[in-house]
Amino acid sequence: MAITRRSLAKGAAVAIPAVVAVNMLGTKFLGAQSGDFEDDIDVLNYALTLEYLEAEFYRQGNGAGLLEGLEAEYLSQVGADENVHVYSLKSVIQTLGADPVDPPCVDFGPAFGSRESFLETAYVFENLGVQAYLGAAGFITDKSILQAAAGIYGVEARHAAVIGNLLDKPAEGGVYMGAFETPLPRSEVLAAATPFLGGDNCKIALS
Amino acid sequence: MPHGISPEPLFGGQPVLDFKSGVSRRSFLRGAAVVGVGSSLALGGLTSLASPAGAATMGSGGSDDASDIDILNYALTLEYLESDFYDRGLAAGILSGRDLELVAPIAVHEAAHVEALLATLQSLGETPVSKPNFQYPDGTFGDRDTFLGTAQRFEEFGVSAYHGQVAKVDNYDILAAAASIAGVESRHAAILSQLTGRRPFPGPFEYPAPMSVILQAAGGFIAGGA
Chain A
1129 MAITRRSLAK
1139 GAAVAIPAVV
1149 AVNMLGTKFL
1159 GAQSGDFEDD
1169 IDVLNYALTL
1179 EYLEAEFYRQ
1189 GNGAGLLEGL
1199 EAEYLSQVGA
1209 DENVHVYSLK
1219 SVIQTLGADP
1229 VDPPCVDFGP
1239 AFGSRESFLE
1249 TAYVFENLGV
1259 QAYLGAAGFI
1269 TDKSILQAAA
1279 GIYGVEARHA
1289 AVIGNLLDKP
1299 AEGGVYMGAF
1309 ETPLPRSEVL
1319 AAATPFLGGD
1329 NCKIALS
Chain B
494 MPHGISPEPL
504 FGGQPVLDFK
514 SGVSRRSFLR
524 GAAVVGVGSS
534 LALGGLTSLA
544 SPAGAATMGS
554 GGSDDASDID
564 ILNYALTLEY
574 LESDFYDRGL
584 AAGILSGRDL
594 ELVAPIAVHE
604 AAHVEALLAT
614 LQSLGETPVS
624 KPNFQYPDGT
634 FGDRDTFLGT
644 AQRFEEFGVS
654 AYHGQVAKVD
664 NYDILAAAAS
674 IAGVESRHAA
684 ILSQLTGRRP
694 FPGPFEYPAP
704 MSVILQAAGG
714 FIAGGA
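Those protein sequence lines, which keep their order, are chains A and B.
When we follow our numbering, the leftmost residue of the first sequence carries the number 1129, and every step to the right adds one.
When we follow our numbering, the leftmost residue of the second sequence carries the number 494, and every step to the right adds one.
To be clear, the hints were calculated from the coordinates, so they are not data collected in a lab.
Hints are supplied without guarantee of correctness; some may be wrong.
[Stated by the list, open to error] Calculated cross-link-like contacts (lysine to any residue; reagent style SDA-like; alpha-carbon spacing at most 20 angstroms):
| hint | chain 1 | residue 1 | chain 2 | residue 2 |
| --- | --- | --- | --- | --- |
| 1 | A | Lys1297 | B | Leu588 |
| 2 | A | Lys1297 | B | Gly590 |
| 3 | A | Lys1297 | B | Arg591 |
| 4 | A | Lys1271 | B | Asp663 |
| 5 | A | Lys1271 | B | Ile562 |
| 6 | A | Lys1297 | B | Asp663 |
[Said to hold, decoys possible] Examples of chain A residues toward chain B, derived with CB under 10 angstroms:
| hint | residue |
| --- | --- |
| 7 | Ala1200 |
| 8 | Tyr1202 |
| 9 | Asp1209 |
| 10 | Asn1211 |
| 11 | Ser1216 |
| 12 | Lys1271 |
| 13 | Leu1274 |
| 14 | Ala1276 |
| 15 | Glu1284 |
| 16 | Ala1285 |
| 17 | Gly1292 |
| 18 | Leu1294 |
| 19 | Leu1295 |
| 20 | Ala1299 |
| 21 | Met1305 |
| 22 | Gly1306 |
[What the hints assert, rightly or not] For each label pair, taking beta carbons as the anchor points, the in silico distance ranges come out as:
| hint | chain 1 | residue 1 | chain 2 | residue 2 | range |
| --- | --- | --- | --- | --- | --- |
| 23 | A | Gly1163 | B | Asp631 | 51 to 61 angstroms |
| 24 | B | Leu593 | A | Ser1242 | 21 to 31 angstroms |
| 25 | A | Glu1199 | B | Asp631 | 30 to 40 angstroms |
| 26 | A | Arg1187 | B | Val601 | 34 to 44 angstroms |
Just so it is clear, CB atoms sit at the ideal spot from N, CA and C, and this is done for glycine as well.
Please put together the full structure from these sequences, using the hints given.
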């Protein structure tokens, strides 16, 4: 009863009772939209762009000297994780014989003006990352790529939760986003990332 | 260590999970049989798998014979256990302040996961594994540090258990639901690690543990044995 990515992407009837879909809490990959991604490479390059953005964000933010102690250690580890994600995604794309996207030109504006704005922006990025991966995962056909993407997705969820806790957010709706993560379609993820991309003062993310 | 799984058995290896019927136990353990529980993979051996590549190989390797239904029953059993564990821990009244604020929603989440998995199995016309009886070592809920320390290790197991099945689920709707749960378990694991002074970010990828490893660790707390 395998349901292919293609049938999902095209909105074809799926071979399980409709009630299952209902009971699946509205968390289906169909939170993503039909035709969001052409193939695995497309998903990988989408993920790579987001990881470039995150990695450069932490490179700049962690270099700004806004944090101390355990908090600084945590965010340093987060940045290191993002660097590994960039490297891994690039490697996978190249291994598949495709071209990785160029790193984006990014501008984080006033994000590094204070500890709070650094962490608040990080919090937005991490939660966006979680939703982006969940929204894209249903388009991945290769199981080993799916495994890796899922592995990254979970780590982004860790980052999101801990940064939310550092900001003393409410537990539910702040640290946790309910009992189930919610996917976001590509268009919404890109809309959320757009304010940080391009502009006169942007800087090409390190690759 | 590339992941958050502790090499020691959960609950000190004491049996905490007692299936009411042999049928349910066999249902839970069916996946274990097909992947060969007890035949290999001492937990300590996990720690040598330092690379994501190694982890991925391990997670996706082995038998593919566990069906989506087996996987759902496996997840349901672990969620039953988590749900019961947090209910008892919260009932013990040993948490307060921010600890309590952060842990109380976890109990709600685990109960919701149980309901979702039950509903899914029933929708597919399958009989869900029944809720086992649980027993915990003395003192598990005796104080904050023991409760949260056990919870932290438990959550890391849950995360790795889900990630170990990612590449094995055939049905993409089931996969979507499992993934949406797994992300929440990652949040739990990270917060509990933070609360207990452990590492909330043990590696750049979640660690996928195969059923055999999880069940071998869990085997100690399945009363009556496999």
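Hint check:
1. Simply put, A/Lys1297 and B/Leu588 have alpha-carbon atoms about 19 angstroms apart, close enough for the 20 angstroms limit, and the pair holds.
2. For the given pair, A/Lys1297 sits about 14 angstroms from B/Gly590 by alpha-carbon distance, which is consistent with the 20 angstroms threshold.
3. For the proposed pair A/Lys1297 and B/Arg591, the alpha carbon gap of about 11 angstroms is at most 20 angstroms, so the pair holds.
4. For the hint linking A/Lys1271 to B/Asp663, the alpha-carbon distance of about 10 angstroms falls within 20 angstroms, and the restraint holds.
5. At most 20 angstroms may separate the alpha-carbon atoms for a hinted pair to count; A/Lys1271 and B/Ile562 meet this at roughly 19 angstroms.
6. At roughly 37 angstroms between alpha-carbon atoms, A/Lys1297 and B/Asp663 are farther apart than 20 angstroms, so this suggested pair is violated.
7. A cut of 10 angstroms between beta carbons decides the hint on A/Ala1200: the least distance to chain B is about 14 angstroms, and the hint is violated.
8. Interface hint status for A/Tyr1202: upheld, as the beta-carbon distance to the closest one in chain B is roughly 7 angstroms, under 10 angstroms.
9. For the restraint placing A/Asp1209 at the interface with chain B, the shortest Cβ-Cβ distance is roughly 4 angstroms, inside the 10 angstroms limit, so the hint holds.
10. For A/Asn1211, the interface hint holds, since its Cβ comes within 10 angstroms of a Cβ in chain B; the closest pair sits about 8 angstroms apart.
11. The criterion of a C-beta within 10 angstroms of any C-beta in chain B is met by A/Ser1216, whose closest approach is roughly 7 angstroms, and the hint holds.
12. Among the interface hints, the one on A/Lys1271 holds; its C-beta lies about 4 angstroms from the nearest C-beta in chain B, closer than the 10 angstroms criterion.
13. Nearest Cβ of chain B to the Cβ of A/Leu1274: about 6 angstroms, under the 10 angstroms cut. The hint holds.
14. The beta carbon of A/Ala1276 is positioned within 10 angstroms of a beta carbon in chain B (closest approach about 6 angstroms), and the interface hint is therefore held.
15. With a least beta-carbon distance of about 8 angstroms to chain B, the hint placing A/Glu1284 at the interface is held under the 10 angstroms criterion.
16. Taken as an interface hint, A/Ala1285 checks out: its beta carbon lies about 4 angstroms from the nearest beta carbon of chain B, inside 10 angstroms.
17. For A/Gly1292, the shortest C-beta to C-beta distance to chain B is roughly 9 angstroms, which falls under 10 angstroms, so the interface hint holds.
18. The beta carbon of A/Leu1294 comes within 9 angstroms of a beta carbon in chain B, closer than 10 angstroms, and the hint placing it at the interface holds.
19. For A/Leu1295, the interface hint is violated, the least distance from its beta-carbon to any beta-carbon of chain B being 13 angstroms, above 10 angstroms.
20. Interface hint status for A/Ala1299: upheld, as the beta-carbon distance to the closest one in chain B is roughly 5 angstroms, under 10 angstroms.
21. At a threshold of 10 angstroms, the smallest CB-CB gap from A/Met1305 to chain B is about 8 angstroms, leaving the interface hint in force.
22. Look at A/Gly1306: its Cβ gets to within about 8 angstroms of chain B, closer than 10 angstroms, so that hint holds up.
23. For A/Gly1163 paired with B/Asp631, a C-beta distance near 57 angstroms keeps the hint of 51 to 61 angstroms intact.
24. About 30 angstroms separates the C-beta atoms of B/Leu593 and A/Ser1242, a value consistent with the hinted range of 21 to 31 angstroms.
25. Under the hint 30 to 40 angstroms, the C-beta atoms of A/Glu1199 and B/Asp631, about 37 angstroms apart, fit the expected range.
26. For A/Arg1187 and B/Val601, the Cβ-Cβ distance of about 37 angstroms falls inside the hinted range of 34 to 44 angstroms, so the restraint holds.
Going through the hint list in order, the structure does not satisfy hints 6, 7, 19.
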